[in-house]
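> Sequence:
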Amino acid sequence: MVAPNLNSKDYYEILGCSRDADESALKKAYRKLAVKWHPDKNVDSQEATTNFQKVSEAYATLSDPKKRQMYDQYGEEGVKAHEAGADMPGGGMGGFGGFPGGHGGGMGGMSPEEAQQFFAHAFGGGDPFGGMFGMGGMGGGGPGIRFSSSMGGGGDPFGGGGFGGGDPFSAFLGGGGMGGSMRGSGMGGHGMRGHPGMRSSMPSVAKQYDVIPQGTIVSLKGLVSKSNLNGDRGVVKQYISQSKRYVVELEDSDETLSVKPDNLLQHVHVRIHDIQSQPELNGETGTIITWCPDKGRYSIYVASLKKFVSLKPCNVVLDSGTVAKVTGVESKPELNGRWGTIKNWISESNKYDVQLSSNQIIRLKVENMIL
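Counting from 646, one number per residue, gives the positions in the sequence shown under my numbering.
In case anyone wonders, no lab produced these hints; they're calculated from the structure. Backbone N, C-alpha and C define an ideal beta-carbon position, used for all residues, glycine too. Treat the hints with care, as some may be off.
Stated by the list, open to error - Each pair of labels, with its calculated beta carbon distance range: (1) P924 x T695: 28 to 36 Å; (2) D667 x E975: 48 to 56 Å; (3) D939 x S903: 44 to 52 Å; (4) N927 x S1003: 30 to 38 Å.
Unchecked claim - Capping the alpha-carbon separation at 30 Å, the derived lysine-lysine pairs in DSBU-like fashion look like this: (5) K852 x K977; (6) K852 x K951; (7) K654 x K871; (8) K871 x K905; (9) K681 x K889; (10) K711 x K725; (11) K725 x K866; (12) K1010 x K977; (13) K866 x K905; (14) K711 x K866; (15) K957 x K977; (16) K889 x K952; (17) K977 x K952; (18) K1010 x K988.
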């Protein structure tokens, strides 16, 4: 992939894709750019609104096989003319639909409202980030973003999930039909010990409470030498204790990357809590999409509302089992920078019980644990 060029009028260049890019590459490019420029994340930014329109229009054309063929043959004007019902050389391609508002292809032909409609429409009206990993069929996974139905000491504090039973990131790496866990043995929680008369030759491994589990869906952030990969998604495959780095397998690729913990953002489920200005949001569940360090806020997609909300950590309750970083503890500054597993949330005090090691559990304010 080349870098997206939002100043270009070429749909492929806008998305940063080659002309022979497959559907998976187009989806990946659109998702990354749409998340970056979504108007709900960039309030009062005309640049973001315009760029969101551009990437939505480009993907709307190239994701439709007939429109893409017309665009490849005749360019932008060919798509617009065909949408208008003009006869084109070769004929026989008429009748395919335009954008949700009725406009066809052509730069500037999609309004901000239509771009928003297409964003939701393109993903069946559900979570726009749900089907973006191109694998499909991976059911289950429960409310934890890591395809896990159990976490060894911490279940889901909210029960029942929050996305209609569908994990918005569950359709990621791997084959179809994989409910349950990708984190543990890779066998859906059923190791050889489950079979009478058989003994596993695998050595037991002590649980590491300060390590992001295998199978966790993440995106890359803050990379300097490979800044073009910032925003790309992947899955944690391994933690190397000697280097204190994670091996991440990138989405739609066999490529792996060794990265520091601070260069990963986990896409976990959360529950919104104690919003005074918008109490109707309290109790809603969402998925963390980005972290804005300048504002100290998460950008969270709430599927039931089909919108982004920008929230401080104190208003975001992380799922039990999430591994997060301790920050901002003034009474015990030596704890800052350490990682631990959230065991449970105490709603009355808005605090977590956090396990740092096998013999150390501490209680911290919600805002003192960030991803």
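> Does each hint fit the structure? Answer for all of them.
Hint check:
1. Between P924 and T695, the C-beta spacing of about 33 Å keeps the proposed range 28 to 36 Å intact.
2. Range check, D667 to E975: Cβ separation about 51 Å, and the 48 to 56 Å hint holds.
3. A C-beta distance of roughly 27 Å is found between D939 and S903, which places it outside the suggested range of 44 to 52 Å.
4. Between N927 and S1003 the C-beta distance comes to about 35 Å, which sits within the given range of 30 to 38 Å.
5. Simply put, K852 and K977 have alpha-carbon atoms about 25 Å apart, close enough for the 30 Å limit, and the pair holds.
6. The straight-line distance between the Cα atoms of K852 and K951 is roughly 37 Å, outside the 30 Å bound, and the hint therefore fails.
7. With a C-alpha separation of about 26 Å, the suggested pairing of K654 with K871 holds against the 30 Å cut-off.
8. For the suggested pair K871 and K905, the alpha carbons sit about 13 Å apart, so the restraint of at most 30 Å is met.
9. Annotation: proposed proximity of K681 to K889 holds, straight-line Cα distance about 29 Å (limit 30 Å).
10. With a C-alpha separation of about 13 Å, the suggested pairing of K711 with K725 holds against the 30 Å cut-off.
11. Note on K725 and K866: the hinted pairing is violated, with a Cα-Cα distance of about 38 Å set against a maximum of 30 Å.
12. In summary, the hint linking K1010 to K977 is supported, as the alpha carbons are separated by about 13 Å, within the 30 Å threshold.
13. This hinted pair checks out: K866 and K905 have alpha carbons roughly 10 Å apart, not beyond 30 Å.
14. Restraint check for K711 and K866: not satisfied, since their Cα atoms lie roughly 36 Å apart, outside the 30 Å limit.
15. Proximity of K957 to K977 is assessed by CA-CA distance (about 22 Å); at most 30 Å being required, the pair is judged to hold.
16. At most 30 Å may separate the alpha-carbon atoms for a hinted pair to count; K889 and K952 exceed this at roughly 36 Å.
17. Our distance criterion of 30 Å between C-alpha atoms is broken by K977 and K952, whose separation comes to about 38 Å.
18. At roughly 13 Å between alpha-carbon atoms, K1010 and K988 fall within 30 Å of each other, so this suggested pair holds.
Against the hints set out earlier in the document, violations occur for numbers 3, 6, 11, 14, 16 and 17.
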